[in-house]
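Work the whole structure out from these sequences, hints included.
So the sequences go chain by chain: A and B. Residues 1 to 155 (my numbering) make up the first sequence, in order. Residues 1 to 177 (my numbering) make up the second sequence, in order.
Read the hints as simulated data drawn from the structure, not as lab findings. Hints should not be assumed to be uniformly reliable.
Claimed, not checked - Chain A side only, calculated, beta carbon under 8 angstroms to chain B, not exhaustive:
(1) A42
(2) H43
(3) P60
(4) G141
Positions of the beta carbon are idealized from the N, C-alpha and C atoms, including for glycine.
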Amino acid sequence: MTWTDQLDTQSCVLLRLGDRRFALAADQVAELAAPSRIFRFAHKTPEIDGVILRRGRVVPVCDIAETLVGKRLTHRRFYLIATRRQKEGLDWVALPVSGECELIQADLTPASPSDSPHVSAWLSHQGEVIEVLNLYALTPGAPQTSVAASPEARV
Amino acid sequence: MRLATPQKAHPVRTEQIILFRASSQIFAISSASVQEVRSVDSLAGAAVDVNEPNLVKVRHAIRRGDRNLYVVNASLHFGLRPTPAALIFLLRKSRIALLVDGIEKMTSITRLLALPGAFCHEERSWYRGLTVLDQNVIPVVNPAGFLTAEEISLLDALTAHQNWPEAASAAHPELTL
Chain A
1 MTWTDQLDTQ SCVLLRLGDR RFALAADQVA ELAAPSRIFR FAHKTPEIDG
51 VILRRGRVVP VCDIAETLVG KRLTHRRFYL IATRRQKEGL DWVALPVSGE
101 CELIQADLTP ASPSDSPHVS AWLSHQGEVI EVLNLYALTP GAPQTSVAAS
151 PEARV
Chain B
1 MRLATPQKAH PVRTEQIILF RASSQIFAIS SASVQEVRSV DSLAGAAVDV
51 NEPNLVKVRH AIRRGDRNLY VVNASLHFGL RPTPAALIFL LRKSRIALLV
101 DGIEKMTSIT RLLALPGAFC HEERSWYRGL TVLDQNVIPV VNPAGFLTAE
151 EISLLDALTA HQNWPEAASA AHPELTL
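And the structure:
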């Protein structure tokens with residue numbers, strides 16, 4: 001399949017970061033959680049704010065707004081708990097979002113080679129063209145192999 | 001009717017830990033990896049200065065038997081603001097003595113959680129994992145993560161010709177574990 005091909009209809013979760021909306025493949029979303037206490041300890045991964053406790057797991061909080069909209073979120077309404085497939089199983093990451101999230105069905109257009117690495121596809125919704133995010137390019141500690149290039153990692 | 005054989009309850013594995021402070025943050029270390037706890041004062045005059053610009057977290061070495069132990073400032077190791085340290089942990093089967101602000105308490109844990117994969121820098125060697133105590137997430141330090149073999153070799157070379165003070169280990173430990 002080339003990048004110009006149209007992908008199948010997929011379930012996506014729309015999320016809001018400031019004034020902009022982005023999408024994440026629904027199969028990468030575990031849940032939407034209310035903000036809870038962030039625990040901080042010494043570390044050297046600047047993208048990580050701290051961790052939250054969720055269902056007995058320690059989930060790192062990673063503010064992707066700085067990369068996507070140029071500034072950190074001042075108001076965190078929810079944490080979108082996303083999952084990444086790693087060698088050892090699923091890895092959870094909490095993404096602060098500033099508004100309601102919405103589950104939609106949409107036709108995806110694959111990203112072109114000239115798109116930013118954090119874009120895995122595009123979708124059109126209510127007249128708006130929205131980036132479908134490549135979580136592996138946005139969050140630290142992803143596998144070294146280019147996940148954006150592998151079909152199963154695409155949405 | 002036969003009753004089902006009662007399941008044997010598996011004993012919960014616990015690990016004794018010491019919660020210590022470094023630059024007002026709390027860390028945990030396995031008690032089994034700490035051989036002695038000494039006050040900083042008890043080693044006054046027994047240590048020699050170490051001055052390696054690439055390894056500022058090590059400012060002193062002490063002599064124990066026929067080998068040198070290197071005093072690692074825990075705050076500097078974790079990239080935190082240095083604060084006055086009060087205690088030194090002499091680590092078991094190690095060349096490391098760890099300078100800490102103080103002991104918070106000793107307790108036990110039953111669960112060590114893996115450090116999430118999103119943490120991808122030095123902290124992966126700093127910590128064995130995380131534990132949850134009293135609704136707080138505490139990192140459990142890796143005793144082998146304070147100095148690499150190369151760093152110890154560098155320090156050995158640096159201190160090879162030092163004149164060591166007498167009876168460096170004569171002082172009584174605060175606590176022998």
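Discussion item. For the restraint on A/A42, tell me whether the closest CB of chain B is nearer than 8 angstroms.
Written reply: At about 4 angstroms, which falls below the 8 angstroms cut-off, the nearest Cβ of chain B leaves the hint on A/A42 intact, so it holds.
Worksheet item: Should the interface hint for A/P60 be scored as holding, given a Cβ-Cβ cut-off of 8 angstroms against chain B?
Response: Cβ of A/P60 sits 4 angstroms from chain B, so the hint holds.
Worksheet item: Do the numbers back the hint for A/G141, that is, is its least Cβ distance to chain B under 8 angstroms?
Response: For A/G141, the interface hint holds, since the closest Cβ of chain B sits about 4 angstroms away, which is under 8 angstroms.
Worksheet item: Holds or violated: A/H43 as interface residue toward chain B, Cβ cutoff 8 angstroms?
Response: Interface hint status for A/H43: holds (4 angstroms vs cutoff 8 angstroms).
This entry satisfies every hint, going by the numbered hints stated previously.
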